[in-house]
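So the sequences go chain by chain: Y and P. Under this note's numbering, the first residue of the first sequence carries the number 1, and numbering increases by one thereafter. Under this note's numbering, the first residue of the second sequence carries the number 1, and numbering increases by one thereafter.
All clues stand as given, with none of them false.
Which copy is meant is left open, so a pair is good if it fits within one copy or across any two.
In silico lysine to aspartate or glutamate, DMTMM-like type, Cα no more than 25 Å apart, as pairs:
id, residue 1, residue 2
1, Lys-171, Asp-209
2, Lys-308, Glu-65
3, Lys-126, Asp-57
4, Lys-214, Asp-19
5, Lys-187, Asp-143
6, Lys-213, Asp-21
7, Lys-213, Glu-136
8, Lys-213, Asp-3
9, Lys-214, Glu-136
10, Lys-168, Glu-274
11, Lys-214, Asp-71
12, Lys-308, Asp-327
Hints are computed from structural coordinates only; laboratory data are not their basis. A quick note: this is a predicted structure, and the numbers were derived from the prediction, not measured.
Protein chains: 2
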Amino acid sequence: MTDVYALSSVDELGPVLKDYDRTLMVTDSNASKLVDLPSSSIVLPPGECEKRWESVDRILSRALELSLARDSVFIGFGGGVILDMASFASSVYMRGARLVLVPTTLLSMVDATLGGKTGFDYHGIKNLVGTFYPAEAVLIVPDTLRTLPESEFRSGLGEVVKHAFLSKDRKLHEFLIENHDAIMARKSDVLSEMIRLSLEVKIWYITRDPEEKKGIRSALNLGHTFGHALESLRGFSVSHGEGVAWGMHKAFRAGVELGVTPEDFASSAVSLLELYGFDGDESIADDEFSRYLAAIRSDKKKSGGSVKFVLMEGQGLPVLTPLADEDIRKAVSC
Amino acid sequence: MTDVYALSSVDELGPVLKDYDRTLMVTDSNASKLVDLPSSSIVLPPGECEKRWESVDRILSRALELSLARDSVFIGFGGGVILDMASFASSVYMRGARLVLVPTTLLSMVDATLGGKTGFDYHGIKNLVGTFYPAEAVLIVPDTLRTLPESEFRSGLGEVVKHAFLSKDRKLHEFLIENHDAIMARKSDVLSEMIRLSLEVKIWYITRDPEEKKGIRSALNLGHTFGHALESLRGFSVSHGEGVAWGMHKAFRAGVELGVTPEDFASSAVSLLELYGFDGDESIADDEFSRYLAAIRSDKKKSGGSVKFVLMEGQGLPVLTPLADEDIRKAVSC
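Let the sequences and hints guide you as you build the complete structure.
So, in structure tokens, the structure goes:
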């Protein structure tokens, strides 16, 4: 399993990375500002649009140019897009080189670094091409979050809140209520604890189902099926965390409607979402619903032709279920 | 582990494949002549030159066009090139779909189907990009070998002979001496037994080191480092098995020269190679030796910068070792 280390500042990174022999640092022009770049690095343009084969191709070419071997180390340094691509490239270079990840966004700290999902977007579908390839180490530096744009910070919070619902206890839920102001002020020690609690939840699910084959890990997709389709419909102008938060609103609505989700659990969950500014007000108009449905159908989590949604039966009790088109319409309409 | 089934004729294939629900058959225009193609198939041009990202891209696009899900089945039907690409595509489609392989060449029956190596060529380096992804089932139909061109049949024999040296006992070696004529006449039952004995050897090595991390599985590369570099130098005009057979001659020569390989083992091995028409006479001229060395250095099996060769200490006793440039030169020169 992946080792997670917390570093108190970016300055500690250089000495830690020096311990690795032959490396290639993969980053983008945003994240690269946070660190002194080593000479064996590749800096890609930032953004989800760049998450495609051509970028992976550039990483692999650079690795080859540097004569990297199977025991060389790919170091992903950046947000989820960079980490997913660096991880994918590492997983296929000579059928698998070594991999270390340094997430620099809240979303990637709590979402992209653990569990080994790698990939890139293909024909407009997020992460359609990918592998399972856990990093040998993840280095968390909460320091790097200080300069993170507000929208990206919020995007990460969407996933943290999701983990609060999926947790077997209410510890993270309570923590998020009690420390709301310190979190929004990005106090390093509070963020560290929040990230730790959030990763604990994620680890609970992925260790029980590393390759998403038993329907356990799939619970981490709470809000994702509704949310991805919105992101896809709006051409990725909705951030991942916002999409997931919106999707959770819809999943609670569908769950209550179908008698799966207890009303008091749903209302407490909705309160936490709203405390963090995720209102879920956006709705899918009738004339765009067919396009929305098509986006859901092409969601990669479908199995044997049917798309499964994660609904909640209560705290830490996810359940996977297909939904009728009419139930989806009810959940996402005004 | 992969299940291996032997079918007595291609006609049995249709009913067997019908048991799988949603499939994509990946084949090339040579192999496709052997079977009634299902409608959900993709036929690629044949040949090693096609073993590149663009072909994988076409397979993935077709899978997407057919709305395949993670539990759909990619069926590789053809020689090693097709099987490696179908396997790679299957391993990355939605982070891993199901995979069944039907090899139609001797080389792919004994070499490419077991052990889960997938991949494609990249910047002129064979299989530089790939994954480990064992098929759930391999269907062997010796029937398909009847129309195989002589050169391709010989190419497969090169790997079979290699397995005779790597085997812990001399069973396969003796079988190849005793049944030479029946093998060359492609008698189905004799080929079946030869393939079975050959796969037993391969399985012995791969089950002890599935991801080639312990230096055990690497023994299967006997002849490959010398041979791949020759293939690379000659622009892939040398067949894989011929390259490997030539490489084994060189490995025995280097081994004897360095006192690693007993002379009587080497001479018995060389006799078997010669019985099957692999003479190893070709040599690397002085003025092309630097290019040959460069091809060796870029061999993907190098680790931490040094390329390791497989030498033999006797029957079933491979050893991995780096070689000095001068020792390589002695082995491959006239």
